[in-house]
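Q: Here is how the chains run, residue by residue.
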Amino acid sequence: MFTFEPARLPESTRKLRQEVREFLKSEQPPGKAQVDAWLGAFSPDFSRKLGKQGYIGMTWPRRYGGHERSELERYVVLEELLAAAAPVSLHWVADRQMGPLILRYGTEEQKQRYLPKMAQGESYWAIGMSEPGAGSDLAAITAKLVPDGPGYRLSGQKIWTSGAHRSHYMMTLVRSGETSSDRHQGLTNVIVDLADPAVAIRPIRILNGEHHFNEVFFHDVSIPPESVLGVVGDGWTQVTEELAHERSGPERFLSTLPLLRSLSTYARSHDHVAFVREIMPLISELVTIRELSLAIAVILSQGGHPVVEAAVVKDMGTKLERKITEVAERILPQVPGCDQDDFTRLVTDSLLHGPGFTIRGGTNEILQGIIARGLGTR
Amino acid sequence: MSRDNDMRAMIRETATRLMKDHMTNTLRREAEDGKFLGELWKLLEDNGFAAVEEEGLSYPDAVALLEVAGYWGVPLPWAQSLLATKILGDAGLTSPGGVVSLGLQCQAPVHMARSQEQMTVSGTWHCVPWARHADTILFTLPNGNDLWVLQTPRDAFHVEFHENLAGEPADSVQLQQASIKTFALSPYDLRWIQAQAALMCVMTAVGAIERVLDMTVAYAKERTQFGRPLARFQAIQEKLAEMAGESAALRAIAARTLTAVEEQSWDEVIKYAGVAKVRLPQAVWTVTTHAHQIHGAMGFTQEYPLHYYTRRLWSYRHDYGPERYWAQEMAQAMGDQDVWDFVTGMPGSLRMPQD
Ligand SMILES: Cc1cc2nc3c(=O)[nH]c(=O)nc-3n(C[C@H](O)[C@H](O)[C@H](O)COP(=O)(O)OP(=O)(O)OC[C@H]3O[C@@H](n4cnc5c(N)ncnc54)[C@H](O)[C@@H]3O)c2cc1C
Numbered sequence: 001m002f003t004f005e006p007a008r009l010p011e012s013t014r015k016l017r018q019e020v021r022e023f024l025k026s027e028q029p030p031g032k033a034q035v036d037a038w039l040g041a042f043s044p045d046f047s048r049k050l051g052k053q054g055y056i057g058m059t060w061p062r063r064y065g066g067h068e069r070s071e072l073e074r075y076v077v078l079e080e081l082l083a084a085a086a087p088v089s090l091h092w093v094a095d096r097q098m099g100p101l102i103l104r105y106g107t108e109e110q111k112q113r114y115l116p117k118m119a120q121g122e123s124y125w126a127i128g129m130s131e132p133g134a135g136s137d138l139a140a141i142t143a144k145l146v147p148d149g150p151g152y153r154l155s156g157q158k159i160w161t162s163g164a165h166r167s168h169y170m171m172t173l174v175r176s177g178e179t180s181s182d183r184h185q186g187l188t189n190v191i192v193d194l195a196d197p198a199v200a201i202r203p204i205r206i207l208n209g210e211h212h213f214n215e216v217f218f219h220d221v222s223i224p225p226e227s228v229l230g231v232v233g234d235g236w237t238q239v240t241e242e243l244a245h246e247r248s249g250p251e252r253f254l255s256t257l258p259l260l261r262s263l264s265t266y267a268r269s270h271d272h273v274a275f276v277r278e279i280m281p282l283i284s285e286l287v288t289i290r291e292l293s294l295a296i297a298v299i300l301s302q303g304g305h306p307v308v309e310a311a312v313v314k315d316m317g318t319k320l321e322r323k324i325t326e327v328a329e330r331i332l333p334q335v336p337g338c339d340q341d342d343f344t345r346l347v348t349d350s351l352l353h354g355p356g357f358t359i360r361g362g363t364n365e366i367l368q369g370i371i372a373r374g375l376g377t378r
Numbered sequence: 001m002s003r004d005n006d007m008r009a010m011i012r013e014t015a016t017r018l019m020k021d022h023m024t025n026t027l028r029r030e031a032e033d034g035k036f037l038g039e040l041w042k043l044l045e046d047n048g049f050a051a052v053e054e055e056g057l058s059y060p061d062a063v064a065l066l067e068v069a070g071y072w073g074v075p076l077p078w079a080q081s082l083l084a085t086k087i088l089g090d091a092g093l094t095s096p097g098g099v100v101s102l103g104l105q106c107q108a109p110v111h112m113a114r115s116q117e118q119m120t121v122s123g124t125w126h127c128v129p130w131a132r133h134a135d136t137i138l139f140t141l142p143n144g145n146d147l148w149v150l151q152t153p154r155d156a157f158h159v160e161f162h163e164n165l166a167g168e169p170a171d172s173v174q175l176q177q178a179s180i181k182t183f184a185l186s187p188y189d190l191r192w193i194q195a196q197a198a199l200m201c202v203m204t205a206v207g208a209i210e211r212v213l214d215m216t217v218a219y220a221k222e223r224t225q226f227g228r229p230l231a232r233f234q235a236i237q238e239k240l241a242e243m244a245g246e247s248a249a250l251r252a253i254a255a256r257t258l259t260a261v262e263e264q265s266w267d268e269v270i271k272y273a274g275v276a277k278v279r280l281p282q283a284v285w286t287v288t289t290h291a292h293q294i295h296g297a298m299g300f301t302q303e304y305p306l307h308y309y310t311r312r313l314w315s316y317r318h319d320y321g322p323e324r325y326w327a328q329e330m331a332q333a334m335g336d337q338d339v340w341d342f343v344t345g346m347p348g349s350l351r352m353p354q355d
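Top line first, the protein sequences correspond to chains A and B. Using this note's numbering, read the first sequence as starting at 1 and increasing by one per residue. Using this note's numbering, read the second sequence as starting at 1 and increasing by one per residue.
Any given hint could be a false lead.
Now the stretches of chain A that chain B is said to cover, found in silico as 3 or more residues with beta-carbon under 8 Å [to be verified]:
#1 10-19
#2 258-269
#3 312-318
Hints in this document: simulated from the structure, not taken from any laboratory. The beta carbon of each residue, even a glycine, is placed where N, CA and C say it ideally should be.
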């Protein structure tokens, strides 16, 4: 049903992979491997080093601080960072979606102002889409942008905003026009400076007590015209494209890779039957989904919009992340929670982080709807 | 590379047209009732699709062609013939023409005596596809550290009829003091041959899954209950989406394996064919289960053609090594490597959780 060319990583990426591994060996801060590190583990120093090394904004034009590398080269760097559970959460969103979004829709001034700092690993961004009344139904947002003098004024709130408390800016989807019968009209993306005193950020703790996401309130935040991304009213098109970047990356199936590595090492020496019967199928799924995701990286690099394909990868990838946890729990000799060793600790973390995998970035039900539509069912 | 791709697209197109024009449910039924589809076979031969030849169909193109075989549920030893002629050619034996099958599973005890010109062999091979209709069977025969390939004509073997889940011949074949004049040391070891057979099986399954998905989407759009097409129900859409995902996944890993075939990186072919054969059961299970569920009672009948594909898919899970076998092979190929090193095919990744 879906068309894609198999992607073959060019020989040159072997050298790059080696380079990344060397880099990680000398620069990754010490600490224990974690699941879901791309969302939770952070280090300003490490982000800066990655920037210096040329591993952020890799595909962007040089004149905006990018490095004009290929999409597949970027892919190799990302997957090595994820495999190593490196602390990349601070700059992840900027690199993955806000940079490309500004590159595509931003004004020249916005590009010059924001992109170089992003590529240096010094500018952190949050995603301001969800609201209390607008989750899966994103077009139901009500945060309101109204004209005010030469610029605008923003009121309302966002919720579930990952890393807002550590970010400099939030790309914020707001309602700028009257609600008409076509709810996709009248939406606009604005760049909100999170240091603005009219912005209030309140933590929401996730299952295990970590502070990961937030509520963000706008108390009549003044938005200058130069903070509007592209054209007023163009928000829905932008957000749709943004989501293809958000959904197709290797982080959508590698969140529990550290657990799979640990599980595999354990089973190989303690439970060979499980190693063969249960771990090999997981690895086979991993290899397979990676091929699919690579193929999408190629489509993206050719300027395509693999919205349906990205939904396939995220749907299957997040299910694999959960399945790894389930199998690990079955094989684990300890009780999760009593974390005397790394294997047990990783199972505990995966269990407590797991429910988020199939929700964030669009729930699996919504993704399946997108795929079904791709099959022509509606 | 792109000329190769054009060539392949053309071959697939031609084969697809051939199938569109000639392959019918009536033929599928007749084949299952025991008739050999000689005319269809002749068409494959005439178009150069039945054998791998130096001057004809290349091996990678042959593998890719099997997707068409799967999509059209072609009841012929097409895959076997392609692989057998590939091996015979590389062993320096001339292709015999006609219907060629492949016997890989030989059961001890096998006796052989060899002189310069001939080999006398007794033994039994199981699960030989279409043996009863084969003009020639290529048997593999392990002997000490050697692997022999025997090109065995029809009059030299005895066939005991068996069928697989799809009602296709999967016969047992006996050689009793058979004297065989055309034989050679195999250019490939048994692992190589098994991996190729597994890949052929996966490729055929990719095609069959695509067909089942097409049929199911079409049925869901057409069949109306509660005043609307089934495809409008979210519960049905969810199943269709899962089927599409599984289809894309198996296709992706099959394509990766085929790339390795093109590059003749045989170690990679063995690795990825194993990975694909371990991945196949999930795809087959999900796709066939949902397809039958969505088709309701209609899909449960012999009259409705869904089963030509679903029953074949159920067999592919077992043909040329079930996942039990290939998981073992994978584990062996992985050895002491870390998961990520194995996945990327490159040793030396860091930060094992145990660090
Ligand atoms: C860890 C994490 C991080 C996040 N980070 C951010 C962030 O940085 N920025 C941001 O903007 N948002 C973020 N989100 C929010 C996320 O995008 C939303 O949670 C998600 O879109 C779902 O919305 P909801 O939680 O309101 O669930 P709801 O939309 O209320 O859905 C609840 C359940 O109903 C199902 N459902 C809803 N509609 C349908 C339908 N039409 N058909 C079938 N089933 C349906 C859903 O699939 C789900 O199972 C984050 C969420 C998580 C878990």
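Q: According to a criterion of three or more residues whose C-beta lies within less than 8 Å of a C-beta of chain B, is the region 10-19 of chain A covered?
A: Holds: 3 residues of the region 10-19 of chain A have a Cβ under 8 Å from chain B.
Q: Examine the region 258-269 of chain A for residues whose CB is less than 8 Å from any CB of chain B, and state whether their number is three or more.
A: This one holds; 8 residues, not fewer than the three required, reach chain B with a Cβ under 8 Å.
Q: Check whether three or more residues of the region 312-318 of chain A sit with their beta carbon closer than 8 Å to a beta carbon of chain B.
A: n = 3 at 8 Å, threshold three: holds.
Checked against the numbered hints above, the structure violates none of them.
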